[in-house]
Amino acid sequence: MSSSNPAVSDNPGANRSISNNNKAPGRGGRTTRAKSEIRRHAILKATIRVAAKDGIKGIKHRSVAREAGVPLAATTYYFRDINELISDAFMLYAKEAGAELKAFHDTLNLVLDGVPEVQLRRGAEFRPELCQRLTDFARAWMQEQFTRRREQVLAEQVFLMEALRDDRLARVARRYRQSWIDGLEQLLVRLDSPCPRQDGTLIVNVVLGMSYDLLLEVPGTEAEVLSASVARIVQLALGVEPEDLRAP
Numbered sequence: 001m002s003s004s005n006p007a008v009s010d011n012p013g014a015n016r017s018i019s020n021n022n023k024a025p026g027r028g029g030r031t032t033r034a035k036s037e038i039r040r041h042a043i044l045k046a047t048i049r050v051a052a053k054d055g056i057k058g059i060k061h062r063s064v065a066r067e068a069g070v071p072l073a074a075t076t077y078y079f080r081d082i083n084e085l086i087s088d089a090f091m092l093y094a095k096e097a098g099a100e101l102k103a104f105h106d107t108l109n110l111v112l113d114g115v116p117e118v119q120l121r122r123g124a125e126f127r128p129e130l131c132q133r134l135t136d137f138a139r140a141w142m143q144e145q146f147t148r149r150r151e152q153v154l155a156e157q158v159f160l161m162e163a164l165r166d167d168r169l170a171r172v173a174r175r176y177r178q179s180w181i182d183g184l185e186q187l188l189v190r191l192d193s194p195c196p197r198q199d200g201t202l203i204v205n206v207v208l209g210m211s212y213d214l215l216l217e218v219p220g221t222e223a224e225v226l227s228a229s230v231a232r233i234v235q236l237a238l239g240v241e242p243e244d245l246r247a248p
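Here the working numbering is used: position 65 in the sequence shown is 65, and no number is missing along the way.
There are no misleading hints in this set.
Computed list of lysine-lysine pairs in BS3-like fashion (alpha-carbon distance at most 30 angstroms, straight line):
hint: 1; residue 1: Lys-53; residue 2: Lys-102
hint: 2; residue 1: Lys-95; residue 2: Lys-35
hint: 3; residue 1: Lys-60; residue 2: Lys-95
hint: 4; residue 1: Lys-45; residue 2: Lys-60
Honestly, the hints are just simulated from the structure, not real lab data.
Taking the hints into account, I'd like the entire structure generated from these sequences.
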């Protein structure tokens, strides 16, 4: 993975950029750096799109440059080799997806903030109603993932598969997965789960599996079936039985 310290970068293009920036510390220098970062970001976003369309093997300097609408030389200027480009693209994906996931966790925490603490305990009278509210949020989030963010979810699967063969990607994948589990664990602690860490891990594993099945269009992944699956995940996490949700 690329060094986070530009002073020790072995990327000749990066070192040239640093040298130029040192000569122009004023507004012009800041503008140049901003434009440089915008182009680098565009290349990384293009890499994610290529991964979604053509897989890891489709990520080449030429295909990424064409997708990004930049000169071929730009990809080698900002990234010393194709492996660094792939690694940095996955890091960007994980950062952006992590921000969306945090926003989802924050929304769920806001819901819990409006519930008296005593009603967050297992067996509380309000538990079935809370289960239904959280289910609605989870369903909406899942639906968004596979409509508005389908391309990104496909790229995620591509990167996660490649992480099995690439140590650099594996480190990013582990941190990305851990951020999922950490956020869920905090929620499950508030929801009085007896095993918040294990439950959070199980939920992440199930959701990743559901993501794969959805992209593969496995029979049984129709909207109604998925909706029921999400509901059951939340029920199990909260210790609520289906009959508790039925109207008397």
